[in-house]
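> Its first residue numbered 108, the sequence shown is counted upward by one per residue in the working numbering.
Any given hint might turn out to be false.
[Said to hold, decoys possible] Simulated restraints on C-beta separations:
| hint | residue 1 | residue 2 | range |
| --- | --- | --- | --- |
| 1 | Leu-143 | Ser-176 | 45 to 51 Å |
| 2 | Ser-367 | Ile-431 | 21 to 27 Å |
| 3 | Arg-391 | Arg-334 | 24 to 30 Å |
| 4 | Thr-424 | Ala-384 | 16 to 22 Å |
The set of hints was computed from the structure by calculation and includes no laboratory data.
By construction, the Cβ of each residue, glycine as well, lies at the ideal position given by its N, Cα and C atoms.
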Amino acid sequence: MEGRWRCREEGRNRTPTTPDRYGRRVRATEQTGGALRRLALYAGGLMGPFGTVLVIPMFPELREEFDTSSSAAGLTFSLYLLPFALTLLVSGTLGERWGRRRTVRGTYLLYAAASLACAVAPGLGWLIAGRALQGVANAFITPLLLAGLAEMVAPERFGREAGRYSSFQALGGGLGPVLGGVAADTNWRLAFVGAAAVALLLASSPPDGEPRPQSSAPRLRPLLHRRLVLLGIGFFLAAAGPLGVAVLVGVAARDELELSGSAAGLILLAGAMSALALGPAWGRLIDTFGIRRATLGMTTAATLAAAALALTTSGATLAIGWAIGGGLIASIAVAYQATGATIEPENRGGALSFLLAFRFTGHAAGPIAFVPLFDWSYAGTFLVAAAPGLITLAILAAVGPR
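Given only the sequences and the hints, what does the whole structure look like? Please build it.
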């Protein structure tokens with residue numbers, strides 16, 4: 108990095124060195140940039156999950172407002188995720204080239220503008236277009252924040268930092284349905300005004316990182332190796348299945364159990380709060396047992412937790428099941444994000460965004476594949492959605508992170 112890393116001595120232990128973005132050996136420390144700078148990066152982790160799930164509780168209101176079908180209203184979810192996922196294939200690498208600081212600041216501003224466009228959308232097509240632009244903007248924000256965090260802390264403690272970052276993502280995933288549900292019961296457009304305000308606030312605190320010299324600019328091609336692609340496929344299956352069942356919980360609450368938007372939001376918040384509380388614990392497991400063993404164990408627990416939602420038959424049992432399962436299921440995201448931010452030190456943002464592209468493609472595909480199954484069986488839908496986690500486990504066992 109162009110800025111000098113400040114070194115902190117803890118007793119007699121010397122802080123270890125780690126490669127910076129230009130291949131030089133630098134000292135990493137938890138103190139670099141200060142706690143407030145790390146907090147700003149954690150807070151930025153809110154935006155992806157927040158924007159993704161914001162619309163889930165308001166599907167009935169969107170159907171009524173625009174006189175459309177459930178499938179058309181659902182495009183406000185899927186057509187946020189698809190541009191997001193496709194852009195993620197290259198966004199991390201491009202952001203590393205252009206400089207994390209200016210890239211993240213610019214895309215926060217773009218996200219705010221897209222949110223305001225959603226707030227004033229005169230028709231469903233305009234709303235979908237605004238959501239797609241939100242997705243494109245967020246594709247640059249998410250990987251670059253975590254990549255910046257990876258260079259601010261000592262390597263042996265990065266799992267914990269990734270866990271804390273994941274906790275803030277869980278908070279965003281919890282706040283999104285709550286604010287979306289409250290807005291659905293009042294005026295759904297206000298939810299997008301709030302999203303714009305948050306993005307404008309976060310634009311003042313982008314991560315460090317200046318443009319890369321042409322000689323050391325990262326490229327996409329070195330990421331296209333067998334191991335990283337297979338890990339991406341595993342992330343896709345996990346996201347479509349067990350990691351993505353939050354959407355099924357929201358749909359089950361509104362359409363199957365006929366709960367209000369606010370009630371559905373509170374149920375989803377319960378799972379998000381569980382993930383928020385357990386995120387640092389998952390990170391400590393990675394630091395203690397190593398990323399490979401921790402990832403296998405957490406994916407197993409998440410798959411079982413998703414399958415257990417088949418036993419819920421009422422609003423109360425769904426709330427309890429999701430409050431417990433939400434934290435277990437979120438562990439997959441912690442493990443994979445820690446992998447992506449460390450597997451390619453010369454292009455952290457690129458490797459992370461590459462894996463996240465598979466994840467969010469899975470999130471987009473999951474509802475399309477599994478929501479219609481509710482017409483067949485409530486319990487069967489959750490069981491079928493959990494099943495892809497078994498394939499993810501097989502992939503991790505074969506080529507998982509070391």
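> The structure should be examined with respect to each hint, and the outcome stated for every one.
Checked hints:
1. Leu-143 / Ser-176: 45 to 51 Å: holds, 47 Å
2. Ser-367 / Ile-431: 21 to 27 Å: 23 Å Cβ-Cβ, so the 21 to 27 Å window holds.
3. Arg-391 / Arg-334: 24 to 30 Å: holds, 26 Å
4. Thr-424 / Ala-384: 16 to 22 Å: holds, 21 Å
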